[in-house]
Every structure is written in C-alpha cells, then in structure tokens.
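The hints should help you fit chain A onto chain G, whose structure is shown.
What follows is each chain in one-letter form.
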Amino acid sequence: MKRLVIAVAVLALAGCGGEAVVPEGQGAHGHGASSAAPPVPAASARFNDADVTFVQMMVDHLQLGISLSQVGLAKATGKEAKDLAGAIDVTQREELTMLKSWLKLWGKPEGDGANLHAAHGGQPLLDDKVINETKEKSGPEFDALFLNLMTGHQGAGVEMALDEKKDGMNPETTAYADRVVKTRQGQIEQMLKIISGP
Amino acid sequence: MKNMRKAALVLAAVPAIVLITPVGSASAHGYVSSPASRSAQCARGDVAESLCGQAKYEPQSAEGVKGKKNCSGDNGAFAPLDNDSLPWKVTNTGQTLSLTWTFTARHATRDYEYFIGNTRVGYVAGNNQQPNNPTTHNINLGGFSGRQKLFAVWNIGDTVNAFYSCIDLNINGGGGTTPPPTTTTTTRPPTTTTTTTTTTQQPPAGGTWAANTSYAVGSTVTYGGSSYRCRQAHTSLTGWEPPNVAALWEKI
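Listed in order, the protein sequences are those of chains G and A. The numbers in the UniProt record's numbering rise by one with no breaks, and the one at position 52 of the first sequence is 52. The numbers in the UniProt record's numbering rise by one with no breaks, and the one at position 227 of the second sequence is 227.
Please note that the accuracy of each hint is not assured.
Below are the DSSO-like pairs computed for lysine-lysine, each with C-alpha atoms no more than 30 Å apart in a straight line [said to hold, decoys possible]:
1. LYS149(A) / LYS193(G)
2. LYS182(G) / LYS251(A)
3. LYS193(G) / LYS82(G)
4. LYS129(G) / LYS108(G)
5. LYS166(G) / LYS66(A)
6. LYS100(G) / LYS251(A)
7. LYS166(G) / LYS68(A)
Worth flagging that the hints you see were computed from the coordinates, not collected in a lab.
For reference, chain G alone in the conformation it holds in the complex:
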C-alpha cells in the first residue's frame, strides 16, 4: 500500500521526472555557505516526493523509537538491552536533528505522524499508549517486551528505508536510507540474539 501511494503521489504531483528543486538560496547554494564544520550534514536540493515522504515518516518513526529507548534505558535489567537502548537513543536523536534540518531546507513540513501512517495504510506498531504500557512491566518481562517492540519497530524502519532506496532520488537521503537498513538490521540481529539465545 505504502509504495502504491508513493508511486501515485509521484506520478500525480511531480510527473514522470519526479523531482523538485528548492528555490535559489535555500538549497545547494545555501548549505555550503557556513565556514565552520556543520553540525549536521546537509542534503542537496534535488529531491522527489518519495524522499520527502520518507524523511517525514522517519521523523515520526525516530521520535517513537527515542521514546521507547528512553523507557528501555531506565528499566531494562540486561546490560546488552540497556546499552542498546542508550545507543539507539543518542544515535536517533542525531538522525532526527539531521532530518528535521533537511525538511526545513526543502521547505517541507514535518508532517503529522498519525496522518502519514494512516495515509500509507499502516497500523503503526508503536504509539504513546503502547510505550506507556511498557512502564508497567519490570525485570525480565520488561526486557522481553522492550526487545520485541524495538525489534518490530526497527524492522518497520528497514521496510521504509528499502522503499526509499528504490524510489528516492536525493543522494544524501538514499545514503541515509542505506545506513538505516544496515544499522537497524545490526540492531535487530543483536536483539534477536538476546530474545532467543545465542
């Protein structure tokens, strides 16, 4: 469903070329201007609707992952689970800052996560209610719940990133998508080994 919607959006809004260019001064000419090392990597100005949709959905996806990882950091009893929660927390904050700056650069809104998911036919695994309910568990039961939720959530991120690698055109965004696939797959590998043994 998701791909269909993206494909349709590209066809309907952008034509077969499927690309848009931000106005002069905001994009390619703007981001190279600062002299100090930029705190976040900028994205170049040529992008299509698949890039925008992916980044908008990832902003929401990252925020939910950060919320869950913070509960994991506070409550997980296993060292591996706790460490992973902490690492997901800080790395996704870094990604979130970068993606928000790209949307700003492109002149696109962050979007409403719930609406985006609804528009793409998804029934997202995580929401605030599910995350809050995890706080009622403790000990090994919490760890198992946290790891299963995070495994599923990151798996959904891989699906989104694979779509972007196929349909996106912005080089920084597709490179980021490639890194999402690799890092989430690596995290899932670690989590599954905690869940079902080495």
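Just chain A, lined up with the frame of chain G:
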C-alpha cells in the same frame, strides 16, 4: 512489493479515479522470533545472507495469500525459507512449545494456525483485533516426535493475505525425557565462522574499531587514520563506524 511497480506502470496509463481502489497487500508484517524461526535465523545471521536473500532484511515479510503450505507464502524473494537443506538451527522441545510472534505493525488478525505436515496442531482465534506485541502462544504438538517442521501462519483479518513462518523442531528428542520447552540449540553448520558478539571491554588505546564489539564509555579506537573515544556504551555494528555516529564516538 513487486506488484507495486507493476501497479505504478498500470496506473500511469489509467484515469486517476482508479487510484482509489484499495490493494490487498497488508503493510502489517510479522514472524516468529522465539524460538528462532527460519526468518529470524536469517535476520540473526545464523544462516548466511547469500543463502537467505531478502529474509535477512525483512524477516517479517514472508507474505502470501492465505492457504499456502510453505514457509515463504510463495513469495519468490523468500524462496530460500522453503529450502529444507539449508543449515537451519533446530530447537529441542517437549510436547508443548511456547512461541512468540514479533510484529512490525499491528494488523487486525483473523487467526493463527500451526501445522506439522498436513495436521493442524494449533489454532488461536484473533477475533479481528489488533494483536498484542509480542504475542505468545503455547502450542501442543499433537503427539508428533522427532525432527519436524512446524509451519506457523498469521492470517490477516482484513486482507486476503497471511504471513508464514517455519520453525525446525526436535520434539521429545533423544531419550524421550521432556526437555525444557524453550531450549534452543544448535545444529550449527560446521563451516560457519560467523562473528558472534564478542565482549572486548576497554580495548587498548589505538585498537582498530571493529563491528560486533562491546565498547565501554571512554574506550578509544582508531578508524580511517583517526582516533575516537566512546561516548556511549554499545555493541558496535556495521553502519555505526565512528565517523558516522558522533553520538557514539568523539573524535580525539
């Protein structure tokens, strides 16, 4: 997912009205994570990517129309899951197996079915509700024993599709005593030299960064000719090379 490309091509040639027609593909996905199903073993790296294909990256996506009797749902990209000769790990179990589904999205569920051969040994109603994540079922294995392939099916409530997951079992193995239900072993392929998680704490200063290594805060490594100090305890992985993640590694 391949259908979508076709859909896009078709849609390009027809009026926009048709675009509203819903498609049958669910965006919900799921697989059996414990004991490690064939999909999970691909994601875990127990079986090599060269053998697993797409299942390594999307263990949750072995999706096909309901009623299939194979591990891939006849989804071509997942065909390796149907191959009984790959080096799948086998789980030892007694007559009751506790297994857990992990979902990447929660979709209304018609039911779950479990088969050994053509015998349905387990059924759990879904009542068209969203499942809890994780969902755990205790399945009685119906008197089967020895080496068996349990075929688990998650039937979606509002699409024609189902998700398929296969678990290789050794039921009441060996001496006939009942092993603990969730014990997982171990027919590791003899040639496998997969790097399992090591726990090198605090590598000496100047050690080269490596994946699958546990780094404590303050550990230092070199990567690409530069030195970095660990800012956040973690087990390293591909994609988290120090220059990529300032949140984990501070350049020194």
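These are the hints, each one checked on the structure:
no., hint, result
1, LYS149(A) / LYS193(G), "holds, 21 Å"
2, LYS182(G) / LYS251(A), "holds, 22 Å"
3, LYS193(G) / LYS82(G), "holds, 14 Å"
4, LYS129(G) / LYS108(G), "holds, 28 Å"
5, LYS166(G) / LYS66(A), "holds, 28 Å"
6, LYS100(G) / LYS251(A), "holds, 24 Å"
7, LYS166(G) / LYS68(A), "holds, 28 Å"
Checked against the numbered hints above, the structure breaks none of them.
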